Amino acid sequence: MIQLDETDRHILRELVKDATQSASALGRKLGLSQPATWRRVKRLHDIGVIKGQRLDLDRERLGFGVAVFLGVKLATKGRVSLDDFERAVSAIPEVQSVEHILGVYDYRLRVVARDISDFERVLRRRIMTLPGVGDVEANVVLSEERRPGPI
Amino acid sequence: MLDDTDRRLLRHYQLAPQLSPSELADRAGVAPATCARRLERMQAQGVILGNRAVIDWQVLGYEVEVSLRAQLDKTQPRAFDEFTAAAREVPEVIEIQTFLGRVDLRLYVIARDMAHYQHIYRTAILRLPHITDIEALMHMARIKSDKGLPI
Numbered sequence: 034m035i036q037l038d039e040t041d042r043h044i045l046r047e048l049v050k051d052a053t054q055s056a057s058a059l060g061r062k063l064g065l066s067q068p069a070t071w072r073r074v075k076r077l078h079d080i081g082v083i084k085g086q087r088l089d090l091d092r093e094r095l096g097f098g099v100a101v102f103l104g105v106k107l108a109t110k111g112r113v114s115l116d117d118f119e120r121a122v123s124a125i126p127e128v129q130s131v132e133h134i135l136g137v138y139d140y141r142l143r144v145v146a147r148d149i150s151d152f153e154r155v156l157r158r159r160i161m162t163l164p165g166v167g168d169v170e171a172n173v174v175l176s177e178e179r180r181p182g183p184i
Numbered sequence: 003m004l005d006d007t008d009r010r011l012l013r014h015y016q017l018a019p020q021l022s023p024s025e026l027a028d029r030a031g032v033a034p035a036t037c038a039r040r041l042e043r044m045q046a047q048g049v050i051l052g053n054r055a056v057i058d059w060q061v062l063g064y065e066v067e068v069s070l071r072a073q074l075d076k077t078q079p080r081a082f083d084e085f086t087a088a089a090r091e092v093p094e095v096i097e098i099q100t101f102l103g104r105v106d107l108r109l110y111v112i113a114r115d116m117a118h119y120q121h122i123y124r125t126a127i128l129r130l131p132h133i134t135d136i137e138a139l140m141h142m143a144r145i146k147s148d149k150g151l152p153i
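Quick note, the sequences are listed as chains A and B, same order. Remember, the numbering used here sits 33 above the position in the first sequence when you count from 1. Remember, the numbering used here sits 2 above the position in the second sequence when you count from 1.
Next up, chain B with everything else stripped away, as it sits in the complex (with noise of 0.2 Å):
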């Protein structure tokens, strides 16, 4: 479906996804009427979801971020659909994640501060649907971060 040259351009837009198209085909060696229909192809088929600001809550005063690692009562057919679409609901929830393995479930949790935290996680965490068992990790430092991939 890709071929060698859908991946260059891949890889080169990955790295640097604010190249506008003349400057992506310019990179990766190929005409820009190329890179654009090219672009345009994989948009269609769905391989390039899109293209995303990234916000630094830092910036806006988010200083807390901790990951909760869930596990849910499997006993209830719906839990899954029920808590993911109550965790939905939390603001200050920003990513979802659902594994197989001994966690069920992972929620990406900013807050202001240490009280704004415990605030978000006595008033909306604790009240979603079908925990069983929950555990934070608190974030130190990020090594190495979305590095997109090995295309």
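Chain A on its own, in the form it takes in the complex (with noise of 0.2 Å):
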């Protein structure tokens, strides 16, 4: 398993706050060498630590008003493929994530609209149609946050 040391964790922390810092502005608050600390973040993402960058947006200035997710559960399972609904579900532009998940639910949608009729257009025309889809469970986001995580 992979093991970093303290610099690396503190590399990490740093990136998933602002990932465009250049190596030296980092190496600065780090106390290492520019050469050091760009030798360092290379292996972070050589090793496949670092697996991407992910740009954040206020999707309510973007006038994405509300965000919902949505378990679903599927009707008629074993005579829908999975991939048909998988395929159908991962083309729609307003469902932003899906997982297949274990649980009361086949799977979780992650689903932004400008406002509630917007979602109620998008749930009806576009999720209630999908091949095989059942039971729908819907949670309004109020509030979400991303946490840096166990480093």
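Think of the hints as simulated: they come from the structure by calculation, not from any bench. Just so it is clear, the structure is predicted and the values come from calculations on it, not from any experiment.
Restricting the straight-line Cα-Cα distance to at most 30 Å, the calculated cross-link-like pairs of lysine-lysine (BS3-like) are:
no., chain 1, residue 1, chain 2, residue 2
1, B, 149, A, 75
2, A, 50, A, 62
3, B, 146, A, 106
4, B, 149, A, 106
5, B, 146, A, 50
6, B, 146, A, 75
7, A, 106, B, 76
Partial selection, computed: residues in chain A whose CB lies under 8 Å from chain B:
no., residue
8, 83
9, 94
10, 95
11, 126
12, 127
13, 179
Built from N, CA and C at the ideal position, the CB exists for glycine as well.
Both chains are sitting in their own frames, so use the hints and assemble them into the complex.
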């Protein structure tokens, strides 16, 4: 398993806050030289600890006032292939994420919409018409936060 | 507030947050100076909240992902605040969401294996205040993840 030392963890905490920092700016915070910092950052990318970057946007300022988590249960398991459902649901632009889960529901979808009536449109025209869709439970997001995690 | 050029920039930036400002300008078909100015403005306006590194927890040995759906005792006026404040102290909690719906809250928890998860559940999660009901959903697969907003 991959072992990280305290400096690596510090770098990760910094890059999770702002991935656009230069190696020299980052090095100054850590008391490391620019080349040493660059080598460590490169290693974290190379071994796959950092798998990419994510642009964090304010959805409400962009006009998406509503975010909803939908728990979807398939009605006709076995008859409709999971692949068909997954392919169709992934193609909906308003669906930001699709997770296959084990529990009361089969899938969890995260859906964004401009407002509640726009959400109703997405739900009726796009979600309820998906192949094999059964029970749907909606939970409207009031607040959300991402935590740095155990680093 | 945002015009078509802003939206085009965000669309490209969202798809490839690792691009340098000049590469992004090139891809979106705007002059580098225009691109830089617009990004700066959208940051100042709070449309762009950040550009963050994404950690691959599996690479770091976290094999288990659990989504915990909790209901709280709503007769306690401070239940939400006290619960979320306590949940933030658990390092393995990487997302916290509050909802309007049947579920009040969702915690997204990562663990190294089932034994580690059991340990976190018993020693940290069940000690969180004001829980009336809690239910765990195990993640099987991520079919579509963090696709960004349909700007």
